[in-house]
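S.K.: Chains as they are written, first to last, in my numbering: chain A, 759 to 1359; chain B, 14 to 398.
FYI, nobody ran anything at the bench for these hints, they're computed from the structure. Any given hint could turn out to be false.
[Claimed, not checked] As a list, the in silico BS3-like pairs of lysine-lysine whose alpha-carbon atoms are at most 25 Å apart:
hint	chain 1	residue 1	chain 2	residue 2
1	A	K1324	B	K130
2	A	K1330	A	K1298
3	A	K1315	B	K224
4	B	K224	B	K36
5	B	K227	B	K36
6	B	K229	A	K1315
7	A	K1326	B	K224
8	B	K36	A	K1324
9	A	K1330	B	K224
10	A	K1326	A	K1277
11	A	K927	A	K829
In this text the structure is predicted, and so the values were computed from the model without any measurement.
Listed below are the residues making up each chain.
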Amino acid sequence: MTTHAIDNIRNFAIVAHIDHGKSTLADRLIQTTGGLAERDMVEQVLDSMDIERERGITIKAQTVRLGYRAKDGRDYVLNLMDTPGHVDFAYEVSRSLAACEGSLLVVDASQGVEAQTLANVYQALDANHEIVPILNKIDLPAAEPERIKEQIEDVIGLDASQAVPISAKTGLNIDLVLEAVVARLPPPKGDEAAPLKALLVDSWYDAYLGVVVLVRVVDGVLKKHQRIKLMATDAHHEVDRIGVFTPKMMDVGALGPGEIGFITAQIKQVADTRVGDTITDEKRPTAAPLPGFKPAQPVVFCGLFPVDAAEFEDLRAAVGRLRLNDASFSYEMETSAALGFGFRCGFLGLLHLEIIQERLEREFNLDLIATAPSVIYKIRLRDGTEIDLHNPVDMPDPTRIELIREPWIQATILTPDDYLGAVLKLCQDRRGVQIDLNYVGKRAMVTYDLPLNEVVFDFYDRLKSVSKGYASFDYHLTDYREADLVKMQILVNGEPVDALSMLVHRARAEGRGRAMCEKLKDLIPPHMFQIPVQAAIGAKIIARETIRALRKDVTAKCYGGDVTRKRKLLEKQKEGKKRMRQFGKVEIPQAAFIAALKMDA
Amino acid sequence: MGSTAHRDSGFGVYVHWPFCTSKCPYCDFNSHVRQKVDEGRFVAAYRAEIAHRARLAPGRRVTSIFFGGGTPSLMQPQTVAAILDEIAANWSLAKGAEITLEANPTSVEAERFRGYKAAGVNRISLGVQALNDADLKALGRLHSVEEAMAAVATAASIFERVSFDLIYARPGQAPWAWRAELEAALARATEHLSLYQLTIEPDTLFERLHKAGKLKVPSQEAARALWDITQEITTKHGFPAYEISNHARPGAESRHNLVYWRYGEYAGVGPGAHGRMVMAKGRRAQATERHPEMWLTTVEGEGHGLIEDELLSEEEQGDEFLLMGLRLTEGIDPDRFRALAGRALDPARVQSLISDGMVERVRGRLRVTAAGFPVLDSVVADLAA
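Please work from the sequences and hints to get the whole structure.
M.R.: Okay, structure coming up:
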């Protein structure tokens, strides 16, 4: 009973910056090894959500088992984990990587190393992966494989001399990729005679099968009808289905060491499984569990409210459904004077927020208003208690506060030299502290420490706009730092609009308040009376604009032949009013909330 | 009372004559320019339409008839007579029914006034539009100020009841100039004036010019100043507004137009005419084919020209009632709104408008105040919501 190499298996992930061709390469590998009939092939096979295919991103990790007869004449089982590329889903990446021994690092041969390439490759190195660099898109005229190889060596410190030049789009050299997987990535190790020890890599809810659990067997054998125990939760189940993805689900009798597959076991909900948990045999448990993962923590929060208050119950049902499959997304009910009933939701990052919002609108047909994104502030009160503040509305009276700390991130930005000045200015404006600046070929790589609350507010859009889309960006949370933060409120006609209040650095409050008032002045239509729009810190007004009263708004002619047309206009107006929020006597169009919150100071 | 109130407002018949000598650049009415019109064929079609409407709503007592257009003063007096005879034959005509005809104030048309009077017309409404020759030209009108004033005088000598229209807030019109023009108009007015602010209507020449930046209309603020002047001067001369754009000596209001604003019952005949008739299942919104010759062949083929005939829902009736009724200084009866709309007005919205001074309650009625009228569209939208 000893651990040995399982020579015919290779478990590997593909890591890449967004758009560098990861999903296309996965498609080609599936096609070449015959995983799917030609007629079943669609682009981005593993990205099953519409939103993934449309945006060309991967949100959920997916796995597929490929059968491959190598040049040495032997048959191999290759388990491919397709991982998300975006920072928000870094936790998905890290647990997928933990189920593999090696990674293919895909780099676009014309664009070169990007911020996410770095973040992901470092994660793969942390997971002790063997890494095979792949240069993709070499069929493009702009491809410079030799220069990119140098870049990989300089920036990442990997030997790129054996990098495989391919075109995932045309299928060029896909066979060389498969050979490199077999020859250069290590096989998994395990002991089939030892007690069962398997990693719970992921789980999701399937409408037909219930909860499906993705597992990687380390030691022992996982079989159908076996009684198992999830060690962290001490839940006991019987395996009723066991199989692998080809990428279609295919039942197998058992999974041995080194193998990746799925089980179902009458588990009621995703929340009953803990990603990173160890699965073992109920009667003959393993001595020590696997180290597991830290659960993903939401870092960005915002309120989501239905545009039509009558849709609140639909929203409740929809967030519940999404949560079934995305344990990283959290929500609790929230009431806003301006927006009515909704949910305060926590996300892994801004992309995650955007994706959840888009899925709610698209898959559940809801119209939503999202409030300003916020982060978790740590507040120490004078009486010594510490509180976590997720919502500016809940901010205690300033006289009770001893200090406020806010989360900081470390950001890595790669940008063409031409835009460096603008990128540095943006970071400085956002209270950034420069940590490092050097060059990767012709591109500058800057490292900045930044307060997260400055980043959640439109930073990514601004970065894309000042760099004409060329800068790439990645970040990770570092620490909490004390800051002079104040709660800025927006008053419309003298009434605070809770959905628009935000915590902001004192030095930035006036500028942001002024910009917000100016924006709202244009977004709120004139009423029959004059409306002051003010930004305030406590009782102190820091900015003010006035929406002048309507002076003339009357149809000159209206006789018998005009009634139908005027009635139809009135119906439209009434419909429009339904989509506005009554605030005191002022009606604020939902577009005003959305636009005001998008604005950049 | 909600179900019979439309009867209290009378029963009007609107006759649309769709032809004009030329098309005015601001006008979006259903008007067409033709070299020659076969009036005989049209008369037959009008008669068929009248008979058709009388079958839908038999036994009505007609309290007013209105010839609008287009330019009805291009009709032969005998055409007008034939139509009036047909109305009288199919329904009963109330004693002293108001019969209005819209006319262009040219000398040619003024010559037909006696003929119209003989046919039964007892009220003339003249499209004077401006008392300034340059502006008349800019508005595409074919008459001069002098000719228009002569036509007003001729009309006044023939008809007991005469009204004329002016358009104000014209491009570049200064407050002092409008003041003077309005004073001059009131000196000539007998009992009724319609004073319309120039509106840029869709699909007109003025709209194209406006979009191209070649036509500048007064700002909201300037238009408001002209509105205020209008109210001040007409009131001073005993011609207070009884509707947004209509002013009369007390008792001289247009009874036909009051049928619309009081949300009464009316039949519409002719190309592009609208009607509101209360039938077995409720109030119907009706409209005919707009294009004159197509209307003609439709009527000849089917016995009527209706292409829209829809039962109005309670909410739609409530909307129309507010839209029309709040234009009047007499306001509306909230109970009638409830009867029509099947719901009461939102008390919170009413209260808020009252506290802002936009509407007021007077002897059980709800009416818009002097401050509310210039922003009536917003007031109506608020109350209707």
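S.K.: Run every hint past the structure and note whether it holds.
M.R.: Tested hints:
| no. | hint | verdict |
| --- | --- | --- |
| 1 | A:K1324 to B:K130 | 34 Å, violated |
| 2 | A:K1330 to A:K1298 | 40 Å, violated |
| 3 | A:K1315 to B:K224 | 22 Å, holds |
| 4 | B:K224 to B:K36 | 19 Å, holds |
| 5 | B:K227 to B:K36 | 19 Å, holds |
| 6 | B:K229 to A:K1315 | 20 Å, holds |
| 7 | A:K1326 to B:K224 | 24 Å, holds |
| 8 | B:K36 to A:K1324 | 23 Å, holds |
| 9 | A:K1330 to B:K224 | 23 Å, holds |
| 10 | A:K1326 to A:K1277 | 30 Å, violated |
| 11 | A:K927 to A:K829 | 23 Å, holds |
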